[in-house]
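Okay, here's what each chain looks like letter by letter:
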Amino acid sequence: MAADREMLFQFLLRMGDNSLILGHRVSEWCGHAPVLEEDIALANTALDLIGQTQFWLGYAAEVQGDNKTADDLAFLRDVWDFRNILLVELPNGDFGQTLMRQFLFDAFQSILLPRLTKSSDSQIAAIAEKANKEVAYHVERSADTVVGLGDGTEESHARMQAALDRLWPYVGEMFASDDVDSAMVAAGIAPDPATLRAEYDALVGQVLTEATLSIPDSDFAHKGGRTGKTHTEHLGHLLTQMQWLQRAYPGATW
Amino acid sequence: MYAQMVQSTGQGAKSREDMSPEERAFQDRIDADQKIEPRDWMPDGYRKTLIRQIGQHAHSEIVGQLPEGNWITRAPTLERKMILLAKVQDEAGHGLYLYAAAETLGISRDELTEQLLSGRMKYSSIFNYPTLNWADIGAVGWLVDGAAIMNQVPLQRTSYGPYSRAMVRICKEESFHQRQGYDIMMKMAQGTVAQKKMAQDALNRLWYPSLMMFGPSDADSVHSAQSMAWKIKINSNDELRQKFVDQTVPQAKYLGLTIPDDNLVWNEDKGGWDYSDPDWSEFFDVLKGNGPCNTERLEARNKAWDDGAWVRDGLMAHAQKKRAAAAAE
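Chains as they are written, first to last, in my numbering: chain S, 1 to 254; chain C, 1001 to 1329.
Treat the hints with caution; some may be incorrect.
[To be verified] In silico DSBU-like cross-links for lysine-lysine, where the CA-CA straight-line distance does not exceed 35 Å:
| hint | chain 1 | residue 1 | chain 2 | residue 2 |
| --- | --- | --- | --- | --- |
| 1 | S | K133 | C | K1303 |
| 2 | S | K133 | C | K1187 |
| 3 | S | K133 | S | K68 |
| 4 | S | K133 | C | K1197 |
| 5 | C | K1197 | C | K1172 |
| 6 | S | K118 | S | K229 |
| 7 | S | K130 | C | K1187 |
| 8 | C | K1035 | S | K68 |
| 9 | S | K130 | C | K1172 |
| 10 | C | K1321 | S | K133 |
Hints listed in this document are in silico derivations from the structure and should not be mistaken for laboratory results.
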């Protein structure tokens, strides 16, 4: 693959793997949510995320060539080839942690996607246009839930604060840009994520204040997922489950 | 459907002579195919039977998320994962309409939920069977939704307005699910040797439990007469089971799969297939709580409810704070 194709491929994997892995995690809730409306909402969120994955990884497979498909990328890569941020592969924890993770991710997407709708790459612009409508709804819902639970009972407040403390060290990775990002900026394909931080902090700060939650002091960030340098131990187990049929029965059509 | 053995008044249908004037007027409306609406007068037994039936149906949709949800994280392609997620989401939505229909009869969703969790109310026996291979997801759509549709299509004409309207929406989605299930079965039956084996294995395990979904044979069905007079139940159990068998046998043949019944023969006289009854002692065991997954299903629902208590309480407390703040302004 030519260098610029390789950069584009990496960018698309980052987008697609985030939605794939988070969609998978959210889908684990199916049938186990605290209330029926949440079962429906979580399934709906997972469905949107997997739908977005098909577009992002579908385009990635096209860029890769060799007649690869989105399914090949989802089901036949190993941990080291995944480019999602670490945040999305963390286990669900309790409902509060799941919704906090969702909000921290949705807030980022809600800032990134409107910019991608203006991408010089028309296919990326079209995917972002579609995904942006879904994400606008996701962030509204996850923010409302974070506020409702943060400013709910003493217990719900404590659980949401614990969730924020647990997840905050995984936020910084979203903004850690590298040469893939520089290449995207140079080609007018995508913004440098580092430039989105101020807007993100404003949005997240406002919601968390309303939720009566305190952002941890430390700005330490766990990194490595989006560059592929490292993942958490959790991703391997997730893939073991997700990829099992494709791995156990290679070449079958489903 | 997912209502079996719904307890009615415990007696046969009331005769006209035994009816009060109000009951007679009520029965006349039913006989004239008028819909009964929530504010209308209705006999106590009608209300109670409907609550049991709609409640059982709603619980079945909710518990039914579990055996299918069991494969969401292992669905073999992105498209299959999406279809399954959408389906399970539909089931939860059906639960929601049905609980709302039950609420019009004067019982809250929380009360119904507590009766499910304590084991006082039932859900369909079928969801106490495990989903063991991917073809089970196809077979659930094909057979279980297929059997449900048999019962639900006539229930669109049921006498209680909110139930009948819920059923119209539900039926549209169920027939879509059934087609998707059959599509999985086609892929499996036409696939590799291993896939074909999965498809046959799924049919072997789910065939008789699907037949049980219609409830015991008419001779043993003590609750049917009054429910039928009230048009809460439209067809008899055996009638629907026969229809289901007749529809399914050619579909299995088309798939190249064998229905696990040596006595399956075409009966020219009745214009339908003769088939073996399921093992009714197994059915009653499952109803008593001794099915393969009863314990797991109720454990999962109880855990979701208990673990979620802080979430429900938190969101309620927040809503109250907001109302109080709005009132203070």
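Is K133(S) close enough to K1197(C), meaning Cα to Cα at most 35 Å?
-> violated, 43 Å
Do the alpha carbons of K130(S) and K1172(C) lie within 35 Å of each other, as the hint requires?
-> holds, 27 Å
Take a quick look at whether K1035(C) and K68(S) sit within 35 Å of each other, Cα to Cα.
-> This hinted pair is violated, its Cα atoms lying about 56 Å apart.
Straight-line alpha-carbon gap K1197(C) to K1172(C), limit 35 Å = Distance ~31 Å between K1197(C) and K1172(C) Cα, so the pair holds.
Do the alpha carbons of K1321(C) and K133(S) lie within 35 Å of each other, as the hint requires?
-> Judged against 35 Å, a Cα distance of about 31 Å means the pair holds.
Straight-line alpha-carbon gap K133(S) to K1303(C), limit 35 Å | Holds. K133(S) to K1303(C) sits at ~34 Å (cutoff 35 Å).
Verify the proposed pairing of K130(S) with K1187(C), using a straight-line Cα cut of 35 Å.
-> holds, 30 Å
Taking only the CA atoms, is the gap from K133(S) to K68(S) under or equal to 35 Å?
-> holds, 28 Å
Is K133(S) within 35 Å of K1187(C), Cα to Cα?
-> Holds - the C-alpha atoms of K1187(C) and K133(S) are around 34 Å apart, at most 35 Å.
Would you mind confirming whether the straight-line C-alpha gap from K118(S) to K229(S) stays at or under 35 Å?
-> holds, 30 Å
Hint violations for this structure: numbers 4, 8, all remaining hints satisfied.
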